[in-house]
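Undergrad: Single-letter residue listing:
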Amino acid sequence: MDFGFKHILYALLTVFIVLNYGLILQGIVRKIGARVGRRYGIRWYQPYIDIIKNYAKRSTITHGVMFYIAPVFRLTGGIGLLLFMPVIFGSEIFSNFSFAGDLVLVLYFQFFGVLGMALGAAEGGHPYSAIGVSRGLSQVTAFELPLTLGVLAIAMQYQTLNITEIVAAQQGGFLSWTLFTNPFATIAIMFSFLGAMGRSPFDVVLAPQEIPIGPPTEFHSGLLGVLQLNRAIFPAAKLILFMNLLFGGATSWPELVVKTFLIYMWSVFVGTVFPRFRVDQSVRWFLVVPLTIAIIAIILIRF
Amino acid sequence: MEYISMITGFLLVLLGLWGVLTQKNIIKIIIGFSIFDTGLHIVLVSIAYLRGGTAPVIDKAVKVTEAIEKVVDPVPHALVLTAIVIGLGVTALMLVYALKLYQNKKTLEVQSFNDLKW
Amino acid sequence: MISPIHIITLTLGTAFFIGLLKKLNLNISALLMLVAIAAAGTISASWFTAILSGAANAEVFTAGFNPPYSINLLMGKGEALITLLINLAGFLGGVYLLKSLKERGIYTMIIYLVFIMSLNVIVMTRDIFNLFVFMEVASIGIAGLVILDKSSKATQAGFKYLIATGVIAGILLIGIAFTYYFAGTLNIDVIQQASIINFKAGSIAVFLVIISIILELKPFPANGWGIDVYEGANPGIGAMISAASASAMLFVLYKLAVLVPESFLQIITAIGILTFVGSNLMGIKQSNANRLLGYSSIGQIGLLTAIVGLKPFLGAQFELIAVSILISHFFAKAGLFWLSGIVKKQNLKDWAMLRQKPYLLVLFGIFIFALIGFPPFPSFLGKWELIMKLAHSHHFYILAFILIGSFLEGIYLFRWLGFSIKMEDANLPPLTVHWNKIIPVVLSALGVLGSGIYFGTITEIAASLKYIPLLFIALLYVIDFLPVYVKNTVSIAGIGYYLYTIYPDLEGFKLIFGLIFLAGGMLTLVAGYFKTGTRKGFYPLVMLMFAGLVGLIEAHTTFEFFFAWELMTAGSYFLIIRGKKSMTHALSYMLFSLAGAYLILAGFGLAHIGQSSYALDILASVQSFAPLVFILLAIGFMTKTASVGLHIWLPGAHAEAETDVSPMVSAILLKAGVFGLILLMLNMGSQFIGSFNIYYALAWIGAITAVMGNMMAAFQEDAKRLLAYSSVGFLGYILFGLSFMSHLGWLAAVSLSVVHFMFKTLLFLAIGGIVYRVKTKEMYKMGGLIKKMPFTFISVLMGIIVIAGVPPLTGFGGKWILYNAVLEKGWFFPSALVFFAGIVAFLYCFRLIHTVFLGQLKDEHREVKEAPFWLLLPQYMILMVIMLFSALPNSLLKPIGAMLAPIFPEGALEWQGQLAKSGFGYWNGQVIMYIVGGIFVVVFAWLWYMNRNAQKVKQFNIGYSAERPSLPETTHFAYNFFAPYKKALGFLVSPLITNFWDSASEGVHAISDKVRRIYNGNVQTYAFHILAFIVVVYLIIF
Amino acid sequence: MVRNSFRLIILVGLLVIFSTLVWSFNGNNELNSLAQFYTQQENIEAVNAANLVSAVVVTYRGFDTLGEVTILFLTASIIGFFLKKKLSDTQRKEVRESSDILVTASKILVPVMILFGVYVIINGHLTPGGGFQGGAIIASAMVLALLANPHMKFNHQLFNVLESISGVSFVLMGIAGIVYAGGFLDNRILPGGEVGTLISAGAIPLIYIFIGLKVGSELSNIVGNLQVTQNEQ
Amino acid sequence: MIINNTIPVLLGLMMIMAAFVAIYHKKLPVAIIAAGTISLLASILYLFLAAPDVAMTEASIGSGLSTIIFFYVLNKIRKENGTQ
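Chains as they are written, first to last, in my numbering: chain A, 292 to 594; chain B, -2 to 115; chain C, 6 to 1043; chain D, 6 to 238; chain E, 110 to 193.
The set of hints was computed from the structure by calculation and includes no laboratory data.
Hints may contain errors.
Partner residues are not named here, just some residues of chain B that face chain C (Cβ under 7 Å, in silico) [to be verified]:
1. F33
2. L41
3. L113
In silico SDA-like cross-links for lysine to any residue, where the CA-CA straight-line distance does not exceed 20 Å [as the list claims (entries may be wrong)]:
4. K135(E) with Y99(B)
5. K97(B) with L88(D)
6. K60(B) with G197(D)
7. K830(C) with I587(A)
8. K57(B) with T132(D)
9. K158(C) with F87(D)
10. K158(D) with Y181(E)
11. K103(B) with Y181(E)
A virtual CB, placed ideally from N, CA and C, is assigned to each residue, including glycine.
All chains should be built: construct the whole structure from the sequences, respecting the hints.
TA: What follows is the structure, given as structure tokens:
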């Protein structure tokens, strides 16, 4: 576990791979959404173009230092979440800095991004960004509870918080995945995964129609570029996390791509089918359905 | 003999208390009080009585030597003597209070003097 | 030695002599009167000192014949002390009433002198008829003195008094008559030998004598007439009745208690307790000062009657208990009556006049604290011994009633003190104080303090108390006129020196909490420099609180612990009440801590059953009622850590306190409760009621407190209240951690309490600075202060990151350990609540920083300056420490772990460099810090470089969809910030507990109002009460 | 009516208490030890007062009498202080002239009563009576005189001086008892004489005289205060 | 022995009746006089109880002086009432 120089190189390599995967994944998913809507949809490499365009531009105005902090926090949160998780089980290269922190660290890292986003957007001085942030925070805290309890159940089941050990325990055929050994925990976590992704039933925060000038529209050019970069990495990192926890992790990149894509499809399917929740509805929903399932999961583990 | 006096004494005590408790007029209460006092003194003296005893005074009738058999117990008499004068003192004081109360409220009804309550 | 008979001859002779020289001018006769009383006082003082140093009791035979045949007077130790007190009160009362006595003519002087003489005789005489005669003299004397003012109320009171004492004297006379008949003598000692109580009639005779003595002491149902006298009479006379004549009658009861069989004593105790609780209950509803003092003095006398009744159980300690409580009642009550004479205002609220003369307020405070029984005063020692003995002899009901009674007394006395400190005194008349009115008050205050110290030295358990801190406070009080910075440096130096002296023998928890208390205290005091002027009376009170806190650390015996606990409560009460609108909050704070203190006292009492020493570690070996002791002490401590049911005092107290007081009270004072709990848990280990583990209940209480505290914090509009509720929540966390009784649990709890101290001081100082500048606490009135107060912003930002537990900073470490502890312990449902609380904590953190700093800057705050330097300095000192602990987490966790190892050997963290490995996972604070820092710096630098020449735009320069916002206020979204969240989970926050406590206090007031209705002012009902009381007690006994 | 029934119940309760006392009271057919001591021959000779009750009142339980005297002194001063009328109603109302029968009878009776009172005081130690009774008789004589001619104004000053002198001397007698004889108020400071003669029983007659004067002046003072309508000088 | 007891019984009964009169009679002067007679009868009873001292005191103070004081106070109250 020595903190050698080569670790940093390996980590950068992982980030690069996951970045590209994220961008492509975004493109494809938007293409699928269009095709479901009987439209042709964007090219699959459209996200690359957006990022390159944004980075080319220079922003003429700035709202002060705190304004920069938002996207920086967000991106650091995304990359941080990725770096402290073993991406490819077994390979020494792609296990990043998972030796430094365990499941609890990863869980709390999600807050890191949200906190930064909230601070930055509020600094923008725009009232609507504050409204958006308060809604975002309420929602994040809502889905956080079932997620934590589900994770707790898994940790109790495997008697460890170390992600690599959890993935190791799930090797040996898909029957030994947490999906089957601890179904209730998985259901609870997958429900809260919907909230984490921020797709349609719970996307009142970022939904363009809801607030014409929500936090994302507040940022432009370089800042928006960083945000889009994060929008690629952060979901991918979450997918990897849930894959490691529930679906037996990945021993090779193709396996990782397939599994994460399928997990993502779950939130896309739910997204396109269900209408959008108001914030209090989503808070109530999260603290009723997934919470009870998570509690059942814990009870099962205990006895 | 001393039974009768003691019983009358206690009856007077009870009557006195009944007067104090039920009468509305302040002067009547004070009268009840003085009856209560008189009753007490009668009880006190009747305790001293010795059957066939004579007054505790040495004179021609009672020689110094055989005083011990014939004389009634002098101690309660001394106590009653003091008690009567105390009774007088207290009654006089109450009457003066009654006068003052009358000057304040121009009535002798006891209920009207309840400025100090709760 | 002058024979005691001369007390009588002197006073009576002077009385007759004054009567003789009617023509003489009044000054000389007044002087003569005072000289006579002083002479009597010196005689009894000389006898008291002689008997104390071993001389034999003085026996005076009147009329040359030995006792049974003539009246004899005894001057023993008790008589000497009580006569000394009476003459002292007589002298001080004389000085006090000098002006009114002279106005009313020499008759009143004669009455006064004869009254004092009669009390002396009552105490000394050994003959019951003589006692009857001189009781009559005393009652006529009082009846005479009551009408000193010649007001109609005084006359009515006098008349009621006469009727009542007349009836009682009559009953006494019957009792004496039949005692004489059966025992054949009137002398107490001979009656005792005759032991006439063996057969029924004899015991009835003695019963009548005793019951009339008790009736003279105004027992609860039959004391309407007593209270009317206190209200009607001139306060100077009220002082004499409540101090002098009450102690005389109490001594008579003590003298005659010898004749009485065991069953009577229990009845006397029952009557005493009933009086104590009943009159204190009725005291709550009083609004008239003298009448309230009447109720309180009758209550105290009831307590003393009960103590006389408990004599056989109190054994050797009886004198100490009885005398200490009597002396504190004596001085305090006399002083209060004289004070009410000076104030001349009957409505309690008008006592705010005392503030016109601060030294009067201090005297008033001294008397109130002496009555309740706070440390430096004798009654503290008396109550302690009483409770110990009662617990020892298994009188739990009596113990409980005494504590309830003194709690009720605490309610109305502290409310009264609150009125005098806080009610506005704009339209009250000016206060004029004559020399003769103030000297007795000052002397009685010195008397009660002096006797307190004296008692402290002679009893062995109190001898070990440390008085150095108290001397330091006295010194500070002396230099109170100096400006702030001088006193501030002196007090910081004082604490620093004291910390330096006790540092070597601090180890383990004492070290940690010692540092929090003292080092933390110094830090918060540094913030005190920002105030200018002299800030009168602040520093002694701060030192009082810190003396209490340090005393807790250094306490070896339960007595020292309780002594320090009470000091701390007193100091913090005064600190809190200094805030502007803090009267009600300070009152609720004091009442909760008072109730807590009494629970602790009861707990210590039960713990002492069957123990010889008072050492603290006897808690480990409690024989009987161990779970009950644990619960009592735990609830007692939890009143200080504001757990869920007992928290309603905290938000108000912390929010209304001054800028630099709130961090002290919130960050440091709550730790006292935590320290108490740790001490308790260390010693008593896990307790079970049947099969149920109490710690599980504690975990639940901790969890619920955490959730409730954080939820309430999220919906507060007032910044300081938000922080106060966050303290409640965080202490729920700590309590939750403590209840695990496992290595990890305690590691989390202790490290969290250290972290809590740091960020709470940080945040309270920061918010204090903002409130100081912006002059309002409402968050929605602020906004966009980041531009004006950047440094404060940084410290608040760091603070909330620590609370939220977001990874890089030290907060996360505590959360991580707690997570592992939960996995290890397996209590999941309370843990679920705690995690939910952790997440909700995130909400109020953001609300604080958003509404205050971010968003639009309001017009009126355009020229707001940065917070004063002296507030920022401690904040940045703490920030450095936080950064240190975040970067090198094991510098905080390793020492605590090492300290916990002996207590909880298994489940410790092993450290490899900065990497902490627990049973389940691992965490390397340093690596995380570097990585996150690295990414942050890279991306930030890159963005900064990309937009380096962007033009700075003012916040308000925003247009959207072709419309410009008109006013900055409208665009700052801060009011009801988490509206949707409140809609969803608002029901959790409904003020259930506050309503519960309000309805409880309403109930008590209603009962008190109904009960006091029995005194309807009609003298016949009072006479009826007396007779009914006799018959009822008769039926009970026979 | 309900209230009276409560009172009745309570008084019945008291009756029960008293009846148990009376029930166990069976008179005494011979003196108890205390009374025997007072009536023994050598003790009578020690005090040698013929009237044993006076002996007990003045010497054996002299302290009670001291208390007793202070009570009257106290009552007199309270009434004096309390009834000091303001000058509100000073106009002299015309007082109905008392009937001439009363005037003439009082002229005869007043001197006889005073004489009788003095007799009772002086022979206190021999025949039943004493300071208190004599003083009361003198006071009632004063009252009779007052009734006879209402305009007569008492010289309050005289009574007060008389009262205080006798009080102080009573206390001095007590102190003398300590110095010369056994204890406070012991009567053996003067020669005992022998039982029955006028000059006997030590200081008892002297003390009784002082008491008589004191009681007489105090009671007439009280009555005087009640009588006087306008402010005293 | 019978003669010996009949008079005290008579005295006792008369005293009780006088007490009733004293308490229940409407006019105050009559009540006061009744109280006076009670103490007079009491002093006679004392003679039977061989207590001459007490009898004299009771007669002079009990019936004499207290009745006088009662009447004086009554008189003053009437006068107070009359002047208004």
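Undergrad: Given the hinted pair K830(C) and I587(A), is their Cα-Cα distance within 20 Å?
TA: Holds - the C-alpha atoms of I587(A) and K830(C) are around 19 Å apart, at most 20 Å.
Undergrad: Interface hint check: F33(B), Cβ to nearest Cβ on chain C, cutoff 7 Å. Holds or violated?
TA: Interface hint status for F33(B): holds (6 Å vs cutoff 7 Å).
Undergrad: Do the alpha carbons of K158(D) and Y181(E) lie within 20 Å of each other, as the hint requires?
TA: holds, 16 Å
Undergrad: With a cut-off of 20 Å on the C-alpha distance, tell me whether K103(B) and Y181(E) pass.
TA: holds, 17 Å
Undergrad: With 7 Å as the cut and Cβ atoms as the points, is L113(B) at the interface with chain C?
TA: holds, 4 Å
Undergrad: Does L88(D) sit within 20 Å of K97(B), going by the straight-line distance between their CA atoms?
TA: Given that 20 Å is the threshold and the Cα spacing comes to 8 Å, the pair holds.
Undergrad: Given the hint that K158(C) pairs with F87(D), does the C-alpha gap stay at or below 20 Å?
TA: holds, 15 Å
Undergrad: Taking 20 Å as the top limit, are the C-alpha atoms of K135(E) and Y99(B) close enough?
TA: holds, 18 Å
Undergrad: Has the given pair, K57(B) with T132(D), been kept, meaning a C-alpha gap of at most 20 Å?
TA: Status holds; Cα separation ~11 Å.
Undergrad: Given the hint that K60(B) pairs with G197(D), test it: the Cα-Cα distance must not exceed 20 Å.
TA: OK: K60(B) and G197(D) at ~18 Å, within 20 Å.
Undergrad: Return the status of the interface hint for L41(B): holds when the least beta-carbon distance to chain C is below 7 Å, violated otherwise.
TA: Since the shortest Cβ distance to chain C is 5 Å, the answer is holds.
Against the hints set out earlier in the document, no violation occurs for any number.
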